[in-house]
Amino acid sequence: MSEKNPLRKYLREEKLPHFFCSGCGCGQVLNYFTQALETLQMDVEQMLTIGGVGCTARMPVYLKSDTFHGVHGRTLAWATGVKMHQPEIPIVIFAGDGDLVSIGGNHLIHAARRNLDVTVIMVNNLNFAMTGGQVAPTTPLGSVTMTTPYGNEEPAFDVAQLAMAAGATHVERWTTSRPVQCEQAIRRALQHKGFSLIEIVSQCPTHFGRYALKSGDPGRLLKWIHDNSYPLERAEKMSDAEKQGKLAVGIFRHTPNVQGSVSVSQRKIYHLGDSPLSGKCEVAGAAASAPSALPYPQRLTLSGMGGQGIILASVLLGTAAVTLGGLHAVQTQSYGSEARGGQCQAELIIDREPILSPVAQQKDLLLAMFSEAYHKYISALKPDGILVYDTDMVQPEPRTGPTFGVPATKTAVELGNRLAANMVMLGFLAERFGIISPEQLEQIIVSEVDERFRELDINAARAGVALAKKWHEGGE
Amino acid sequence: MNVHVDERLCKGCRLCIAVCPKQVLAMSNRVNQKGYTVAVALRPEDCIGCKLCEKTCPDFAIYVEIYHLGDSPLSGK
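Protein chains in written order, with our numbering: chain A, 1 to 476; chain B, 1 to 77.
The set of hints was computed from the structure by calculation and includes no laboratory data.
Take the hints with a grain of salt, since some may be wrong.
Unchecked claim - Which residues of chain A face chain B? A few of them, derived with a C-beta cut under 10 Å, are: (1) Ser2; (2) Glu3; (3) Pro17; (4) Val29; (5) Gln35; (6) Val61; (7) Tyr62; (8) Lys64; (9) Ser177; (10) Cys182; (11) Gly219; (12) Trp224; (13) Pro297.
None of the values given here were measured: they were computed from a predicted structure.
Glycine included, C-beta positions come from ideal geometry on N, C-alpha and C.
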C-alpha cells in the first residue's frame, strides 16, 4: 500500500493482500467503508466490527477495530448482547446475503423491529460464494447456480423491502459499480441513530458470474449489475416492462423510528412433482460385469490448489469407475475457505465390494499438485504407497516408496491452458496404474466435461497417457 | 498527478482499467508473488485525478497522488 495513502491507518496491513478473489466486490466494499471512515475521521479502534461466516464476513479481519468473527448468521445476536452491556460502542456488521437473510434471517427482522442501534453492511453477491456458488435466498429467479442447473425456481428476497417491513429506520441499496454513492451511504448509516441497513449488490466473478452470467470478468459483471439496476428517482418515469427483473437502488428510507407497512405479494407455490427437475434424474446403471481383479491402488488422495480442478478430477475418476468400470466408489472433498489459491483435497475409495466407510486412514496413492497440499497430506500416505507429484509445483522429500514426478503443469501449458494439468495427471494415473483405462477416461471426459473444454481435456489426458508410456519404456 | 500501483497487492482484476475514463491504466506483463499479472499506470500524464480507480480497486493497490500548484516535487528545484 502506498505510504501516502490515508486509508492505511484503518487496515491491518500485515494481513494484506486480503483473501478475496481477484475482482471481488467484498474488497471494493471494504475500500468504500474505509473511505467513509476517512471522511468522517472516525476512530476505528473504538469501534466493534462483527462478521459471521462467508466471504463478506472476513472483512472485519482486515480492519483495526475490535472484531468478532465466526458464528454463522448470529452477528446481530452478538451485537444485541454487546449493545445491552455497552450501548455507546459503535457497531458495524459485515454480512453476506447468505449470512444475513438465510441463516441469520430471523435475527435480521427482530433487530430491525427493535431498532437496534447498529450499522449493517450487507454485501449481496446473489449466491453462497464461499461454499462454491450454491443458490441463496437472494439469487434472482431463473438464475443458474451450482445447485440450480436448470435455473432458480424460487423468487428472491427483496432485502431492502424486508428490512423496511420489519421496521428498519435507515435502508439503502446500492451496487459496487457506484463507488461515490456507496461511500456516502455508509457515511449516512454510520451517523444514523437506530438500525441501518446498507445493501450493496456485488459481483462474484468466481461463482455467480461463472454459473449465471457465463463470465468471470469483473469488469463485465460490474457493468451487468449496473445495467440491471436503476435509481429510485427514475422509477416513476420507467414502465413496468423496463423495471422487470431489475433492482431499484437509492435511499429507501431515512426517517427515524417509523414503522413500515406490510405488503404481501402473490407467489406461486410449487408442489412436489411440478419441479422442472422431476423426471429428469436417472440413475446411471453400472456396467454389466464387474472386473474380477481389484485395481490397485484403492485408496487415493488427490490434492492440490483450489482452481486446479482436483475435485473435478476425483469426480471423473470415481464416476468412470462406477459407470464404466462397474465398481463402487466413494468420494469426499475438503478445501480451504479461499475460493482460489488455497489447498484442497479429494479422497477417493474404489472397491469391488460396497464401501462401508468413506474415510481411509492410510492411503495407497497421493497425488500432489501443490507444495502446501503435499506437506499436509504426505503423512497419511503408506510408507510403500505411491506418490505422484507435479514436478513444477512440488519438491518432495526423499522417500523409499514408489515416487513419480510428472511435468503436468508444464505439459498443460504447452497444450495452451495450465488448467488442463489435472487431465494430464488423470491420463498418467489411468495408463500407469490402471484404475480406469485410458479409453474409459476419454469416454467420461466426453460425457461429463463442458463442451468448451472437451477437446483440450482429451488432448491433455492423451498427453498424460503418453508420459506414462514413456516412463514405462524408460524402465522407471 | 501520480498514479501508484502497489504490485504486491494488485490481483489483476482489470476493474481500474474498466472504470478509468482516460485509459491511463493498462495491464503490464509483470507477475507478482501471488501469480497475478499486475496493472500499470501507462499514461499518468493523461490522469485527471478523478480517483475512480483508487475508489474502485478491491485490493487497496492504487493510490492517486494529486499535486497542486506549488507542491510539485519539482518546485524549488
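Verification of the hints:
no.	hint	verdict
1	Ser2	holds (4 Å)
2	Glu3	holds (9 Å)
3	Pro17	holds (5 Å)
4	Val29	holds (9 Å)
5	Gln35	holds (7 Å)
6	Val61	violated (14 Å)
7	Tyr62	holds (9 Å)
8	Lys64	violated (13 Å)
9	Ser177	holds (9 Å)
10	Cys182	holds (9 Å)
11	Gly219	holds (3 Å)
12	Trp224	violated (12 Å)
13	Pro297	violated (31 Å)
Violated hints for the displayed structure, listed by number in ascending order: 6, 8, 12, 13.
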